[in-house]
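Engineer: Each chain is listed here by its residues.
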Amino acid sequence: MTENRPKIRIRGLVKRFGRKVVLNGVDLDIGYRESVVIIGGSGTGKSVMLKCILGLLAPEAGSIQVDGEEVVGAGRAVRERVSRKIGMLFQGAALFDSLSVWENVSFGLMQAEGMGRTEARKIAEEKLAAVGLGKEVAILSPAELSGGMKKRVGLARAIATNPEVIFFDEPTTGLDPIMSDVINDLVVKSVKELGATALSITHDMASARKIAHRIAMLHAGRIIWAGPVAAIDHVDNAYVDQFIHGRAEGPIKMEVRA
Amino acid sequence: MGFLAAVGRIFLHFLEAIGRVTQFTGTALFHCATPPYYIAHVGRQMLEIGYFSLPVVGLTALFTGMVLALQSYTGFARFSAEGAVATVVVLSVTRELGPVIAGLMVAGRIGASMAAEIGTMRVTEQIDALSTLSTDPFKYLVAPRLIAGFTMLPLLVLVADIIGVFGGYLVGIYKLGFNPATYLKRTEEFLEAMDVISGLVKAGVFGFIISLMGCYHGYHSRGGAQGVGAATTDAVVSASILILVFNYAITEIFFAK
Ligand SMILES: Nc1ncnc2c1ncn2[C@@H]1O[C@H](COP(=O)(O)OP(=O)(O)OP(=O)(O)O)[C@@H](O)[C@H]1O
Ligand SMILES: [Mg+2]
Numbered sequence: 001m002t003e004n005r006p007k008i009r010i011r012g013l014v015k016r017f018g019r020k021v022v023l024n025g026v027d028l029d030i031g032y033r034e035s036v037v038i039i040g041g042s043g044t045g046k047s048v049m050l051k052c053i054l055g056l057l058a059p060e061a062g063s064i065q066v067d068g069e070e071v072v073g074a075g076r077a078v079r080e081r082v083s084r085k086i087g088m089l090f091q092g093a094a095l096f097d098s099l100s101v102w103e104n105v106s107f108g109l110m111q112a113e114g115m116g117r118t119e120a121r122k123i124a125e126e127k128l129a130a131v132g133l134g135k136e137v138a139i140l141s142p143a144e145l146s147g148g149m150k151k152r153v154g155l156a157r158a159i160a161t162n163p164e165v166i167f168f169d170e171p172t173t174g175l176d177p178i179m180s181d182v183i184n185d186l187v188v189k190s191v192k193e194l195g196a197t198a199l200s201i202t203h204d205m206a207s208a209r210k211i212a213h214r215i216a217m218l219h220a221g222r223i224i225w226a227g228p229v230a231a232i233d234h235v236d237n238a239y240v241d242q243f244i245h246g247r248a249e250g251p252i253k254m255e256v257r258a
Numbered sequence: 001m002g003f004l005a006a007v008g009r010i011f012l013h014f015l016e017a018i019g020r021v022t023q024f025t026g027t028a029l030f031h032c033a034t035p036p037y038y039i040a041h042v043g044r045q046m047l048e049i050g051y052f053s054l055p056v057v058g059l060t061a062l063f064t065g066m067v068l069a070l071q072s073y074t075g076f077a078r079f080s081a082e083g084a085v086a087t088v089v090v091l092s093v094t095r096e097l098g099p100v101i102a103g104l105m106v107a108g109r110i111g112a113s114m115a116a117e118i119g120t121m122r123v124t125e126q127i128d129a130l131s132t133l134s135t136d137p138f139k140y141l142v143a144p145r146l147i148a149g150f151t152m153l154p155l156l157v158l159v160a161d162i163i164g165v166f167g168g169y170l171v172g173i174y175k176l177g178f179n180p181a182t183y184l185k186r187t188e189e190f191l192e193a194m195d196v197i198s199g200l201v202k203a204g205v206f207g208f209i210i211s212l213m214g215c216y217h218g219y220h221s222r223g224g225a226q227g228v229g230a231a232t233t234d235a236v237v238s239a240s241i242l243i244l245v246f247n248y249a250i251t252e253i254f255f256a257k
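Line order of the protein sequences matches chains A and B.
Number 258 marks the last residue of the first sequence (the numbering used here); no jumps.
Number 257 marks the last residue of the second sequence (the numbering used here); no jumps.
Keep in mind the hints are simulated off the structure, nothing from the lab.
Cβ atoms here follow ideal geometry from the backbone N, Cα and C, with glycine treated the same way.
Watch out, some of these pointers could steer you wrong.
Straight-line alpha carbon distances no greater than 20 Å define the calculated SDA-like cross-link-like pairs of lysine to any residue that follow [stated by the list, open to error]:
(1) A:K85 to B:R20
(2) A:K20 to B:G223
(3) A:K85 to A:G132
(4) A:K85 to A:T44
A few chain B residues that face chain A, going by a derived Cβ cut-off under 7 Å, partial list only [stated by the list, open to error]:
(5) Q23
(6) T25
(7) V123
(8) E125
(9) Q126
(10) D128
(11) A129
(12) T132
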């Protein structure tokens, strides 16, 4: 039905903080059941872009449509409907430290869907198992977890309600290579089996190659390149080339002063 | 010129802050009145504010009543009106000191912890996470605290009133040598319902102010640990000042002729 309309459509998105322009006219389409990975230097506004889509930050200009519904400047009802469709893994996990791990994971189920505690706990334990965490972790408090464990709990929380759209902000940062691959598989599985649309941010090119259908690169407030994952290795774009090969020399100048 | 511009700027900032607080209050009240209600959270906050503040508030009320008896005795002895001590104690405690002292103590205890907790949630993106899990942070965090503050402070002040008067009684009997029966009779003789009621109304308003300032400063904190620290200080200071200002205003409304 809606196969040819993008799930998320971003046009001319501008976001400033004071005088600092972070996003300066971002255009991007994320197709229905597509997995898009955004790459780009640190501090280029990747996380800010996700927060604009979620309605957590108000952009200065531009349009964001989710399923054809405008989010920018929308009222509470629309925002709520849209946010119900989206699960988000925050870069810093953002676990509720007053709740136990399993209560964190099942928060959306219990609060938004009114599920009972016993059933919610069962699902939470399933989701935790999917990210490689055992039952004994479920009753811990977030303060008792390592950084990588927090990230995985955050991931379990993001997918717990089986949302239509999932945002992953650096899902594999801070994980060992094996666990990274488990998480990559999980992202792929979410898209393939659950039929989710995924928008991920990562600095890990191996992970990007594995989970993305399409890769988009954000630089200087714009998407400077977007294309299928297979094309990334022969892109005729010096910025992308420098980034994926991680070279200090090139058109992207890091603000380092010796 | 530069000076006038600076004054103007400060004034504008002040108006802007008032606007923001008013808007925050409006949103918060709206969410207090509309479902879903997080009953368990309201209960937990009530316990925190009402029950766990009892020792602090009780102790301060006790010593306030005691010192009040002692001081007014020395004062009244100068014109042989020692008999008025009991009346002065009960009126001062119910009308002024009970609500104000309980308010200030709770502002330090609860206002600070609310600002720190909500502030930490803000800077670690937990508040953003709430929204993405279809939970309104105003409903989940702010409304329960406002309701608990507004309802629990009057109860706390009622207890503080009783303990304060009891403190005065102790000093009156054991130190100043009053006859217990006479002291009690004098305590209730001139006490009117309005004295107690005005104090409880104040308490309700103060409780609301404390929670509001705690939530407001926490909600708008930014920039890591330092920002949360600043929010905590701001919450306590602004709540304390507002308590004293509103104390005057409410006294004026109730008793000015
Ligand atoms: N709340 C905020 N207030 C002010 N500036 C902000 C805020 N959030 C982000 N920024 C600024 O916006 C820019 C982009 O931040 P963002 O977090 O989106 O970077 P990023 O691309 O996700 O980087 P990283 O890969 O390191 O996570 C940064 O320069 C940051 O300073
Ligand atoms: Mg980021």
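Engineer: All the hints need checking, so say for each whether the structure fits it.
Structural biologist: Verification of the hints:
1. A:K85 to B:R20: violated, 31 Å
2. A:K20 to B:G223: Holds, at roughly 17 Å.
3. A:K85 to A:G132: With Cα atoms ~25 Å apart, A:K85 and A:G132 exceed 20 Å; violated.
4. A:K85 to A:T44: Between A:K85 and A:T44 the Cα gap is close to 26 Å, so the pair fails against 20 Å, i.e. violated.
5. Q23: violated, 15 Å
6. T25: violated, 18 Å
7. V123: Violated, about 10 Å.
8. E125: holds, 4 Å
9. Q126: holds, 5 Å
10. D128: holds, 5 Å
11. A129: holds, 4 Å
12. T132: Given a least distance of 4 Å, the restraint on B:T132 holds.
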